[in-house]
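Q: Work out the full structure: start from the sequences and follow the hints.
Chain order of the listed sequences is A and B. Last residue of the first sequence: 244 (our numbering), numbering continuous. Last residue of the second sequence: 362 (our numbering), numbering continuous.
Keep in mind that the hints were calculated from the coordinates and are not lab data. Keep in mind that a hint or two might mislead.
Each computed PhoX-like pair below joins lysine-lysine, with the alpha-carbon atoms no more than 20 angstroms apart [as the list claims (entries may be wrong)]:
{"#": "1", "chain 1": "B", "residue 1": "K205", "chain 2": "A", "residue 2": "K85"}
{"#": "2", "chain 1": "B", "residue 1": "K346", "chain 2": "B", "residue 2": "K332"}
{"#": "3", "chain 1": "B", "residue 1": "K273", "chain 2": "B", "residue 2": "K127"}
{"#": "4", "chain 1": "A", "residue 1": "K191", "chain 2": "A", "residue 2": "K85"}
{"#": "5", "chain 1": "A", "residue 1": "K232", "chain 2": "A", "residue 2": "K158"}
{"#": "6", "chain 1": "B", "residue 1": "K273", "chain 2": "B", "residue 2": "K346"}
{"#": "7", "chain 1": "B", "residue 1": "K332", "chain 2": "A", "residue 2": "K42"}
{"#": "8", "chain 1": "A", "residue 1": "K85", "chain 2": "B", "residue 2": "K273"}
{"#": "9", "chain 1": "B", "residue 1": "K194", "chain 2": "A", "residue 2": "K42"}
{"#": "10", "chain 1": "A", "residue 1": "K191", "chain 2": "A", "residue 2": "K42"}
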Amino acid sequence: MPTLKRTNVLTEVRTHYCPGCGHGIAHRLVAEVIEELGIREKTIAVAPVGCAVLMYDYFNCDMTECPHGRPPAMATGIKRTQPDKIVFTYQGDGDLAAIGTAETIHAANRGENITVIFINNAIYGMTGGQMAPTTLTGMRSTTSQDGRGEHGEGPPLKVCELLSTLDGVCYLERTAVSTPKDVNATKRAIKKAFQNQIDGRGFSLVEVLSMCPTDWKLSTAQSVDFVNNEMKEAFPLGVYKDKG
Amino acid sequence: MGEKILLKGNEVMCEAAVQAGCRFFAGYPITPQNEVPEYMSKRMPQVGGIFVQAESELAAINMVFGASLSGARCMTSSSSPGISLKQEGISYIAAAELPCLIANIQRGGPGLGNIRASQADYFQAVKGGGHGDYRVIVLAPASVQEIYTLTMNAFDWADYYRNPVMILGDGISGQMAEPVEILPYEPIVDLPAKDYILDGCAGRKPRVVKTLVLRPTDGLVTHNEHLQGKYKRIEAELSLCEEYETADAEIVIAAYGITARIAKGAARLARKKGIAVGLIRPITLWPFPSDAFAAVAKTAGQILTVEMSHGQFVEDVKLAVNGGCPVRFLGKGGGWYPTEDTILEKIESMAAASATIAKGEL
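A: And the structure:
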């Protein structure tokens, strides 16, 4: 009978995340992987601007905050000067796929030996529910009130598909945290993304479809359904690249 | 004596950085500073350092941010439009109190401007440029040899004060080749231990580098007061200035960087014509050597500010002089530069006007 225990890579504080938010699950999975790989004391994490900006209060390892969208550039500076350390970024959809698109694509294409955890919840959470680059077609937000696509917003940006065309990338997988099975798959993917870095294999990114009940204006149960029914259709789960 | 070699200002800056232990460079091509990334791309691997050609100036300054919090001596360089893009990162690095060197080899602006030399980024360099109340130490070398010395010093001051330092150069001194003595690097200050870096938390508590300070009263207000305290200390300790024949001068030219060098020639020509002219040249633009300017204003009849812009540096001259004597201006932007004769002509007209006033003919 397996017993549940708290990972020592998370601090014992209450997080600021809303009920039903996926960040708590994703944080725990990343932390468990770091603990299992025994790399806490050599890990340097780069936090984004967005809901996860305060993750430096929750992770029990060296952490830096970063200007909006620039974590892959900052991680490049850290990893290149400290190649023996483990460097990961943790970014939302606005950070990684809007303001930081250039930094993401170029760090990926250079094959920087870093791990990127990309939380896609299709909305700007921290600023109160504005349209994200990954907001679904027809989905309402505070800046797409008639539904995305009605006023020239274009369709959602598909990061894994986009990056899969780049020769420099080692590993891309899209997972979710909306069912126990998905949570387990996400942990496997995150572990692989860190193991790739330990093995010096290059740029690995895990895109995690995640819930945002507050800004989706849905209940926590409805949010899980939204990921399972709507988001997984727009953003198919799976491995998009695996050089290994 | 060190070896003397002929190098461009931009290349000398790179070699000085390497000598001072800079082992990380990230940059993006822009004229007239392309010699810098070109030199660094070849030189860094030779000394076990890292060169990254970034996808943008935004990425370059954030790579430097990452290298700095890793404890590496690091730098980036650009020219005016590229420096505008770096301002976001500079504000963050100043807020996080991390050391690095940023070189601005200024060109004509605004906008894309042109690739002629300029000094029109003075406000951006010394007054902020990015958001928030922060300061960057700004150095203005006037010769290729001084580019060498000040670049080495810049890394020491950056580490000592945990603050970004900027070399505010220009297209002329960056492109100009002069013989330079390659002196070995020796720290000019006691360098503090880098006990703030992120290198994994082995054997210690985890560290955090951050600039978000949400609480206003005991958080961000306190952090700002701390920063301002540091800036006051830098102002008290680090105002550098060269004076040339100011003691008996009736007219003192105020100029920095390459303009000061031209102005010194004009001062010599004026002396030959019997006009007592001197020069005051700030070496640090921030902190501004205000005391030296105030002292000069007590003995000089007039100050003539010369700069390659439509009047930015002159505002700090007037603030420092504080009405102590009249401050005249000669300057244009857009790639204009003064010749010795242009400055001499202005001096002669100023001298003639004051003679007329002295005779009571006005």
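Q: Identify every previously stated hint that the structure contradicts and give their numbers, smallest first.
A: 3, 7, 8
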